[in-house]
Amino acid sequence: DSGVTQTPKHLITATGQRVTLRCSPRSGDLSVYWYQQSLDQGLQFLIQYYNGEERAKGNILERFSAQQFPDLHSELNLSSLELGDSALYFCASSTRGEGEAFFGQGTRLTVV
Amino acid sequence: GIQVEQSPPDLILQEGANSTLRCNFSDSVNNLQWFHQNPWGQLINLFYIPSGTKQNGRLSATTVATERYSLLYISSSQTTDSGVYFCAVPVSSGSARQLTFGSGTQLTVLP
Chain V
1 DSGVTQTPKH LITATGQRVT LRCSPRSGDL SVYWYQQSLD QGLQFLIQYY NGEERAKGNI
61 LERFSAQQFP DLHSELNLSS LELGDSALYF CASSTRGEGE AFFGQGTRLT VV
Chain F
1001 GIQVEQSPPD LILQEGANST LRCNFSDSVN NLQWFHQNPW GQLINLFYIP SGTKQNGRLS
1061 ATTVATERYS LLYISSSQTT DSGVYFCAVP VSSGSARQLT FGSGTQLTVL P
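Those protein sequence lines, which keep their order, are chains V and F. Numbering follows my numbering, with no gaps: position 94 of the first sequence is 94. Numbering follows my numbering, with no gaps: position 111 of the second sequence is 1111.
In short, the hints are calculated from the structure, not lab data. Everything hinted at is true.
Covered stretches of chain F, as calculated for chain V (at least 3 residues, CB under 8 angstroms):
(1) 1030-1038
(2) 1098-1106
Derived contacts from chain F toward chain V, CB cut-off under 10 angstroms, selection only:
(3) G1041
(4) Q1042
(5) L1043
(6) I1044
(7) N1045
(8) Y1048
(9) F1086
(10) A1088
(11) P1090
(12) V1091
Even for Gly, the Cβ is constructed at its ideal location relative to N, Cα and C.
Full structure from sequences and hints, please.
Structure (structure tokens):
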């Protein structure tokens, strides 16, 4: 167990819908990262938050957004979903944005 | 940005065999991680190894930062070692430390 908790584990939804993925980082970790793993793109960095503030953006679509709350949990919001958004979404956390990153079990999103 | 290349892309072994997986990176890094993604999709931390050699049971890793590569050794492989092995390096910019992943090595260990 990495200590990073993601919910839900599986999500099936229709095109055009909106979903929210949730992540609780390891105790004491201030930095949260979101990654997307699809068959054709591999593991891609989406966005990083550090102590509530956005610190870095990767290949995140405008239809996607995220935030980190005062209790340090984070949510990734995916809207106007398309078939191509089907993927495994991972959250990771690390201490102060440096050092070893630990990953949650992922949320497997299927858009039908 | 930094490029991370892993080889081989696929590897099939008989149980009990040894193997070496390689990770090359295009720029200097201050740390490197190895992960195992099991058949259920979970990413499991294997090593956090900026340089030198570390060992954990049947697995060991060596990073030669000056030559920009890392090796993961698996000895006496077991069927439970099957899965995808990723290396990842950080792209640092200010306080941002996101990881760039290689494309992975798909390992299949046959009984």
